[in-house]
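> Produce the complete structure using the sequences and hints provided.
Number of protein chains: 2
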Amino acid sequence: MTRDTETSTTDRRSDRTKAAILRAARERFATQGYERTTIRAVASDAGIDPSMVMRYFGNKARLFDATLTIDLRLPDLTAVPTDELPQTLVRHFLKRWEGDPADDALLVLMRSAVTNEQAAARMHEIFAAQVAPALAAALGPELAAHRAGLVAAQLLGLGLTRYLLRLPAVTTLTPDEIEAGLAPAIQAVLDPN
Amino acid sequence: MTRDTETSTTDRRSDRTKAAILRAARERFATQGYERTTIRAVASDAGIDPSMVMRYFGNKARLFDATLTIDLRLPDLTAVPTDELPQTLVRHFLKRWEGDPADDALLVLMRSAVTNEQAAARMHEIFAAQVAPALAAALGPELAAHRAGLVAAQLLGLGLTRYLLRLPAVTTLTPDEIEAGLAPAIQAVLDPN
DNA sequence: ACTGTAGGCCAACATGTGTTGACTTTCCAG
DNA sequence: CTGGAAAGTCAACACATGTTGGCCTACAGT
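If you read the sequences in order, they're chains A and B.
Numbering-wise, the first sequence is residues 441 to 633 according to my numbering.
Numbering-wise, the second sequence is residues 441 to 633 according to my numbering.
Bear in mind the hints are in silico, worked out from the structure with no lab data behind them.
It is possible that some hints are incorrect.
Any copy will do: because identical chains look the same in the list, a pair fits if it lies in one copy or spans two.
For lysine to any residue, the following SDA-like pairs were computed, each having C-alpha atoms within a straight-line distance of at most 20 Å [claimed, not checked]:
#: 1; residue 1: K535; residue 2: A576
#: 2; residue 1: K500; residue 2: Q472
#: 3; residue 1: K535; residue 2: V520
#: 4; residue 1: K500; residue 2: R476
#: 5; residue 1: K500; residue 2: E475
#: 6; residue 1: K458; residue 2: P521
#: 7; residue 1: K500; residue 2: A481
#: 8; residue 1: K500; residue 2: P490
#: 9; residue 1: K458; residue 2: H564
#: 10; residue 1: K500; residue 2: I510
#: 11; residue 1: K535; residue 2: D631
#: 12; residue 1: K500; residue 2: T528
Following this line, the structure appears as structure tokens:
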């Protein structure tokens, strides 16, 4: 598509198609989930032959796996005052998702993790590696251990109902309304009493 | 299995196998979702031939549809004091799910609704027909209209993380801990301020 | 006993899928 | 120029799945 005469260090031709495959795969997995996404469709989106997908990623499961590299990009929660923590969280996820939910890897993952063990396992990893530590740093380890799960439940519940199920009662709310409604709820979960 | 010499009014032989198919289908759809559930597997579970499934239900989509008759069995929320409403809700859903999540139709539906339009539409119906009115009766229509979605998000978020994704941080909590942690959160969502 | 019908089984078809291997084209190093 | 590897295409295999239609079997009504 674009001119590419500028040869950046390692700019093999395969890198571009590999990237195109990944982009197409993310899109498909995101909108249709693992089972309904076909190698043929991904290849077609990427403008190449299905066998290329196999050459670069081995098989469907590994392609899927390559798709699931996720960085929640959580801000440093120790820098925010405790009482602003809930709204910071809600705002952070809303911001991520309001852009283009269809290619946010976290939603991709949610959609698949519900029926796919591999994806569910990856979800556990992400929670353990990113969410839990961030909350532990902000709240102290004991409290976080008991409450992090419920916080995740609330945030994922929002993602589920608004972006995957698209429940009208949730999609009609504005981001501001959601922030105003949900932040106090998360605050309540975090309150130690 | 059981003796059935007592012929209750309309006890055709087909009714039993039809019921067996439905039971098997619920179980499969619940644990594997729509796509990964095969007619052959359902038939095998029910101990009959795949073609029987077609005879009774026409096709896979209609079998699925027959599976989705859901009654949340929400208690009469007007009978509970407003400040006990959240814990009543949390307890109600926990009770339903703690029994055998695998054959609770609501979880079946959630699992499928994430990738299946038909199921998602049914989810909308159930929310509109059961959750929204119950909350409207207890809270008044205006408040309910703005908050019911977030309440649903929180309850479904619980179901998602605990029973579908099985996040350790949530599965390790006891029902009592969940009730104690989540009820105040829902209360916060309902607080009009 | 006879027969029609509902309940059930079997074998096959059509299709879509993941995956493979052989063949062609591109393109750069020597 | 030229050879050989990298990048890509093509056609097919093997298999699972939804679905169909023909056949068998039990059994209730006559």
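> Determine for every hint whether it applies to the structure shown.
Evaluation of the provided hints:
1. For a Cα distance limit of 20 Å, the shortest separation of K535 from A576 qualifies neither inside one copy, at 23 Å, nor across copies, at 30 Å.
2. For the identical chains of this complex, K500 and Q472 are neighbours both inside a copy (14 Å) and across copies (18 Å), given an alpha-carbon limit of 20 Å.
3. In this assembly of identical chains, K535 and V520 lie within 20 Å of each other by CA distance solely inside one copy; the values are 17 Å within and 37 Å between copies.
4. Taking identical chains as interchangeable, the C-alpha atoms of K500 and R476 lie at most 20 Å apart whether they share a chain (12 Å) or sit on different chains (15 Å).
5. With identical chains, the CA atoms of K500 and E475 are at most 20 Å apart both within one copy (10 Å) and between copies (16 Å).
6. Proximity of K458 and P521 under a CA criterion of 20 Å is satisfied in neither setting, with 43 Å inside one chain copy and 59 Å between copies.
7. When the C-alpha separation of K500 and A481 is checked against a cutoff of 20 Å, the pair qualifies only within one copy, where the shortest distance is 12 Å, while the shortest distance between copies is 23 Å.
8. In this homomeric assembly, K500 and P490 come within 20 Å of each other (Cα to Cα) only inside a single copy, at 11 Å, whereas the closest approach across copies is 29 Å.
9. In this assembly of identical chains, K458 and H564 lie within 20 Å of each other by CA distance neither inside one copy nor across copies; the values are 27 Å within and 39 Å between.
10. Proximity of K500 and I510 under a CA criterion of 20 Å is satisfied intra-copy only: 18 Å inside one chain copy versus 35 Å between copies.
11. Neither within a single protomer nor between protomers do K535 and D631 lie at most 20 Å apart by alpha-carbon distance, with minima of 25 Å and 25 Å respectively.
12. For the identical chains of this complex, K500 and T528 are neighbours neither inside a copy (37 Å) nor across copies (45 Å), given an alpha-carbon limit of 20 Å.
Hint check: violations occur at hints 1, 6, 9, 11 and 12; the rest are consistent with the structure.
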